[in-house]
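Asker: Sequence:
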Amino acid sequence: MRGKHIWLFGFLGQSLVGPAYAAAPTGELGTQLPAWSALPFAGILLSIALFPLLAPHFWHRHYPKVAAFWALVLLIPFVLHYGSPAVHEVLHMAIADYIPFIILIGTLFTIGGGIYLRGSIQGTPLSNTVMLLIGTAIASWIGTTGAAMVLIRPVLRANKHRRFRVHTVVFFIFLVANIGGSLTPLGDPPLFLGFLHGVPFFWTLTIWKEMLLVAGIVLGVYLVLDNVLYRRESQQAQAAARGESAAKEPIRIEGWHNFFYLAGVLAAVIFSGTVHLGEIAILGVHQHVENLVRDAFLLLMFALSWFTTPRRVRQENEFSWEPIREVAILFAGIFATIIPPLAMLRAGEEGALAFLIRAVQTPAHFFWATGVLSSFLDNAPTYLTFLSTALGRLYPGVPERQAILQLIAENHAYLQAIATGAVFMGANTYIGNAPNFMVRSIAEEQGVAMPSFFGYILKYTVPVLIPTFLVVTWVFFA
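Going by numbering that gives the first Met the number 0, the sequence shown opens with residue 0, and the numbers climb by one from there.
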């Protein structure tokens, strides 16, 4: 029986990743992987897109099993046939990428869930627009995850009497969970990775024009749309939205001490990018000591928030662990199956995705290539991949940090295109950025019938974001 299992895994490996290797390959994995090794990644994306639409009850109960299935379909033959290099890639993805990712968003989720905005908040078009504007403004400073977790529940409470509220959540994802995080490395993971690789901390402030244009267009569209839908509401719903059907209550913040923990998260992230304490190896994966210190401090902020926030505050906030649990499980599957596509992209013109790398030449190309892939892949490594492509094409052989400074001085439009593409277009799908999924899950928990994966794209991304990004291309990268 054991022999049958080995034969089966061997057959799967040959089908999935090409010819078997008796020993670990000496070359770059990305140059050896065939294009169809990305099929498990496509499988988990299609599962996320289709199961909630076609079999919602099955998906709600069994999505952990679906994620595990696609991860194992890739990992078992991948490790069996590529040996130690494959094991190293899996460990590197887990230790250097997935675990810090979960620690950061889990900490921000917990801290944000301990901040309760009490009072009579009116769900009118003007007040909704102001809340979205505030969220967009603070996202670059406390992160898109932090801003989303602080504000999504007040936005939902303000609109609980509204008949039309799905669009408000979607535009919240556009603005607060993505576009607003474009001005500092703290705002979004790809910018943070760029900071760690040598992009100056305050360089991202130079893309304020792109951010203002995109945020202004999207916020303007929202204001018009919400006004139109508000007029279709019943008079009772309008009265409730204006606060006329309930006693007025002054707005105040409970759990305000959690803002100190958000400041701690901010300090820890800056610390890890500015202090160098050496490296250590964990299971063969090199890790910077300052990153481990950062993650340990984030866990301390997590614990302090959890134990110092009154349980009543979280109960009134309708806090639950399900949104972060869903993100952790589904992104574990995504991070596992994404290994071959990212390896092929890193291999550049020597990999199976060379046609894509060769097609990217101008800043406009970099904006759309980085953005489209960031909509479906993890936008942080996608950012680094195209940053490396630009550096290799314009400054071959120059050390990375020096090349980045030359890129900023001589060809800044390339870095602007890569950074804005990665951050802005993370809003294109639910999986483009982790807060997107959490916001959707929280909204559904509170009874908002969010659109399906494709419904989100067809109803909102295509008519709102794509034309906006075409304007950005024409204004800044043509």
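These are computed hints drawn from the structure, not numbers from a lab.
Don't take each hint at face value.
[To be verified] Simulated restraints, written as ranges between beta carbons of each label pair: (1) I133 to P466: 23 to 29 Å; (2) L45 to E399: 50 to 56 Å; (3) W35 to A136: 43 to 49 Å; (4) W320 to L52: 20 to 26 Å; (5) N226 to G283: 53 to 59 Å; (6) P398 to R162: 27 to 33 Å; (7) H56 to A136: 20 to 26 Å.
[Claimed, not checked] Below, computed lysine to any residue pairings styled on SDA-like, alpha-carbon distance capped at 20 Å: (8) K64 to V470; (9) K458 to L53; (10) K208 to P55; (11) K208 to I137; (12) K208 to L224; (13) K159 to K208; (14) K458 to F375; (15) K208 to F258; (16) K159 to L53; (17) K458 to R162; (18) K458 to P51; (19) K64 to G82; (20) K159 to I250; (21) K458 to K208; (22) K208 to S440; (23) K458 to V223.
Values in this document were obtained by computation on a predicted structure and should not be read as measured data.
Using N, Cα and C, we set each Cβ at its ideal position, and we do this for glycine too.
Asker: Now tell me, hint by hint, if it's right for this structure.
Answerer: Right, here's what the structure says about each hint:
1. I133 to P466: 23 to 29 Å: holds (25 Å)
2. L45 to E399: 50 to 56 Å: At roughly 36 Å between Cβ atoms, E399 and L45 fall outside 50 to 56 Å, so the hint is violated.
3. W35 to A136: 43 to 49 Å: Since W35 and A136 have Cβ atoms about 44 Å apart, the given range 43 to 49 Å holds.
4. W320 to L52: 20 to 26 Å: holds (25 Å)
5. N226 to G283: 53 to 59 Å: holds (57 Å)
6. P398 to R162: 27 to 33 Å: The hint (27 to 33 Å, Cβ to Cβ) is violated, given that P398 and R162 are roughly 58 Å apart.
7. H56 to A136: 20 to 26 Å: Violated - the Cβ-Cβ distance for H56 and A136, about 40 Å, lies outside 20 to 26 Å.
8. K64 to V470: Not OK: K64 and V470 at ~42 Å, beyond 20 Å, violated.
9. K458 to L53: This hinted pair holds, its Cα atoms lying about 18 Å apart.
10. K208 to P55: Judged against 20 Å, a Cα distance of about 41 Å means the pair is violated.
11. K208 to I137: holds (17 Å)
12. K208 to L224: The given pair, whose Cα atoms are some 24 Å apart, is violated under the 20 Å limit.
13. K159 to K208: violated (35 Å)
14. K458 to F375: Distance ~18 Å between K458 and F375 Cα, so the pair holds.
15. K208 to F258: Not satisfied, since the Cα-Cα distance of roughly 29 Å exceeds 20 Å.
16. K159 to L53: Roughly 27 Å separates the two Cα atoms, so the pair is violated.
17. K458 to R162: holds (18 Å)
18. K458 to P51: holds (17 Å)
19. K64 to G82: violated (25 Å)
20. K159 to I250: holds (17 Å)
21. K458 to K208: violated (27 Å)
22. K208 to S440: With a Cα-Cα distance of about 32 Å, the restraint between K208 and S440 is violated, given a limit of 20 Å.
23. K458 to V223: Roughly 16 Å between the alpha carbons, so the hint for K458 and V223 holds.
Violated hints, listed in ascending order, are 2, 6, 7, 8, 10, 12, 13, 15, 16, 19, 21, 22; each of the other numbered hints is respected by the structure.
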